[in-house]
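Spelled out, the chains give:
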Amino acid sequence: MNWLRNIWYQAGWSAEVGTSRPLLRTILNEPILFYRTADGALAALLDRCPHRFAPLSAGMIENDRVVCGYHGLAFGSDGACVRNPHGAITSAMKVKSFPVVERYSAFWIWMGDADIADSEKIPNLSFIDDTPEKARIYGNMPTMCNYQLLTDNVLDLSHADYLHPTTLGGIITNAKAMSREVDGTIIAEWQSVGCEPPNAYKPMVPTGLADIWTRVVWQAPALMVLDTGAKPAGIAPLPEDHSFTLHNMVPETETSSHYFFCVTRRFDVENEELTQMLRTAVTQAFKNEDKPMLEQQQARMGSADFWALGPILLKSDAAAVRARRMLEKLISSEASNLAP
Amino acid sequence: MNWLRNIWYQAGWSAEVGTSRPLLRTILNEPILFYRTADGALAALLDRCPHRFAPLSAGMIENDRVVCGYHGLAFGSDGACVRNPHGAITSAMKVKSFPVVERYSAFWIWMGDADIADSEKIPNLSFIDDTPEKARIYGNMPTMCNYQLLTDNVLDLSHADYLHPTTLGGIITNAKAMSREVDGTIIAEWQSVGCEPPNAYKPMVPTGLADIWTRVVWQAPALMVLDTGAKPAGIAPLPEDHSFTLHNMVPETETSSHYFFCVTRRFDVENEELTQMLRTAVTQAFKNEDKPMLEQQQARMGSADFWALGPILLKSDAAAVRARRMLEKLISSEASNLAP
Amino acid sequence: MNWLRNIWYQAGWSAEVGTSRPLLRTILNEPILFYRTADGALAALLDRCPHRFAPLSAGMIENDRVVCGYHGLAFGSDGACVRNPHGAITSAMKVKSFPVVERYSAFWIWMGDADIADSEKIPNLSFIDDTPEKARIYGNMPTMCNYQLLTDNVLDLSHADYLHPTTLGGIITNAKAMSREVDGTIIAEWQSVGCEPPNAYKPMVPTGLADIWTRVVWQAPALMVLDTGAKPAGIAPLPEDHSFTLHNMVPETETSSHYFFCVTRRFDVENEELTQMLRTAVTQAFKNEDKPMLEQQQARMGSADFWALGPILLKSDAAAVRARRMLEKLISSEASNLAP
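Chains as they are written, first to last, in our numbering: chain A, 1 to 340; chain B, 1 to 340; chain C, 1 to 340.
Simulated from the structure, these hints should not be mistaken for lab results.
Some clues are possibly wrong.
Since the list gives no way to pick out one identical chain from another, each pair is judged satisfied if it fits inside one copy or across any two copies.
[Said to hold, decoys possible] When the alpha-carbon atoms are kept at most 30 angstroms apart in a straight line, the in silico DSSO-like pairs for lysine-lysine are as follows:
id, residue 1, residue 2
1, K329, K134
2, K96, K315
3, K315, K94
4, K291, K96
5, K134, K315
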């Protein structure tokens, strides 16, 4: 499988790695050891000693260095060998290290050419920082399917009407929908005017009909920010009525993915009961409904290519197909740039 | 693997599918959803939505239609899309459907060219209908081996003497055996005159010596009907002394099979104690003796072709080898007919 | 994978096979049934009936013969068919048999050309016979890694300092080390003069500093004998101060191995408490420390070739690399001799 490599992938949430809690996580099929040095900085090393290929995660972190548990070689956070008990250190003695940056309570890894890793290219998710920690609902839902199936899922929200009928569903199929390409992103939008609000929107419109919108902005390879909200029918939304949610799909292997999500809001942020209610709804929708369906979808597809199976496409697939096409173009363009 | 496709395969026993109990079963590597419409008719659809390949079995049956649980497309029992909530229905929107027929308390699926599916070609198993329901012993024994190993097993009943010594064995190795081809079937016969009856034949000949016969009629791809019985030595059998048993091997995958069986008899059919005794003997022989041996045999063969391993063949293999050769010819002839 | 075939492989410890306890063990990917005839002699047959490939181990041993549990064919300990209940015996009816020899409380199998199997070529392990049974610590530690990783592990004992810090480690990294090739063997040696003895050496030098030596003699494909011991610093060792240990790595499959070991000593051999203490230390080092590290190492390597991964080699790898190179040469020479 070809993956886009010169791009920042979210590798986790900051709280997942502590100074005494390294994290082993596979990204694009590569096992990577994440750890923090004493000053709190993150390091990301290939979890395989260059000597005899023992996992470094089977050793220990000591004085900001990773010590292999098999023969005692130690590596600094840049991957260079800093201790060889068995002789001289040469420049060949290094383990692959990856650029890693912490931002928006998440940490990001660059899986491509390190020389062009520019942290300015990390997508703007400032809505996370703008949300009080307590009002954020975030997590990682490991899912046994290709990451593009997860993208398809979010870019065609009509599935909510069938897969999430008790929480989010009921309005998308009949909403005014459109999708378009804007500056290398794909935007998909749904507008429902004067509709009966699904349960997840009841906190915003407890009684009566509502105007509800959802706008997904996708960028390659598989990061989506949703802007959604509801107002009583006919009332114009205020800025704080827009709630933002991150859906970020990161390939673990060809058929498994990390699904990082973060639901935020700007209204009633001190209401912990509401936060808990939303967390329960999200859990119901993501873990009990999306995940099993997506994993069964992958199982039915097996190792076949999506297009090779000849999918019957519907109008509602428009945004997802645009995103697949754009990603294919980016991957193929990156591949041809790498070629001699 | 090449399978014979233009043929009826038993897909189950009728009682396995109810109007509110659909059945998901894999036949020739294809996952198939069987369900009943309100009028009791059976339908068989590929268990994969043509839109995004979610299993239809993860959705629901509603008004005789299968509704995909992911995006709400609905399909009739002929596979045609009857509801697309997201736009127009086109003729391309269909899921593969299979001809399915119910007969002899079983249901049968046609895995090949639907245009030539002719229910008259379902093998005659009227002995099942002729047997009171209560006196039938039937079931399905999933077995982790290629279906041809199961055919071999039944066409060489000499294994009974070694694998089933306490129930069926003791007389086959020394019986008068013969096999021949008749009108596209293979017939294998064993005659034991004046022998000590094995336990399974004691209900017919409780004391003294017996004359025992078994006659297997095989037809492609792997359906066998056994006619067996015992009489006190020297006494000619009456029609009701012939008991018929179905052994029908249906490929699930290359290395797993459905083993449908139905043991019937025409004597003492109201004797439920006898039925129970025979059921216990069958279970002992099939599940505790045949199944483990066949699965170990498959494990030893791995993915190797049977002939490529160079089996040492014995006289007792004659019928099984005939059947393998005939099946190979049928499969290859079908393949060349399909070629342009 | 290419294996050296014209060589004796240890297949087990004698006590593992009794007259009523056959043993099924896979060597070089071949499942082999070991059993004893009434006179105690060992036989080794491919565990696959040549008729229909049922495992012979699913049958029974009867009068020194293996009877297939499927159709009753019987084979003598030389593999020749001695009973065919279904017809004549022909010379083609035989199961592959392997030369097998018992020596040093172990049994040895020849996996290559039986015509040149010469028991004189079994390595001299008379130190085992010289050790009272009660003072031997032996076993088999199945390990999920390629056997050459196990060889590497023993030929670079520096790992003890990092992987076995509480039992054997602490002196090897700083020891005087050398390795050389002698008559088709590889010898690796470590000398520590005036060192603090690791716990495993405390029985020899309970107080004060020690002189400690370890000498590994490797021979193809993966058999190593260690000579190790400790004396109070400055005191010359007596012959009985040399303790010998067998480490014999035998391929089960490409990624799993039998690890046969036997620790002996010539001092204080009646001291059962000491034997038990050493057994506990060995178990700690082998099963709790070596095995997990080696299995993780294999997991990180996956199916990749060791050299293809470009290992960074250290001085301490010298002996292991010599052994790998010598084994490669032997395997390639054997292969070219076999070629027409």
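Status of each hint after checking the structure:
no., hint, in the structure
1, K329 to K134, "neither (40 angstroms within a copy, 65 angstroms between copies)"
2, K96 to K315, "between (45 angstroms within a copy, 22 angstroms between copies)"
3, K315 to K94, "between (51 angstroms within a copy, 16 angstroms between copies)"
4, K291 to K96, "between (33 angstroms within a copy, 26 angstroms between copies)"
5, K134 to K315, "neither (39 angstroms within a copy, 54 angstroms between copies)"
Of the numbered hints listed earlier, those contradicted by the structure are 1, 5.
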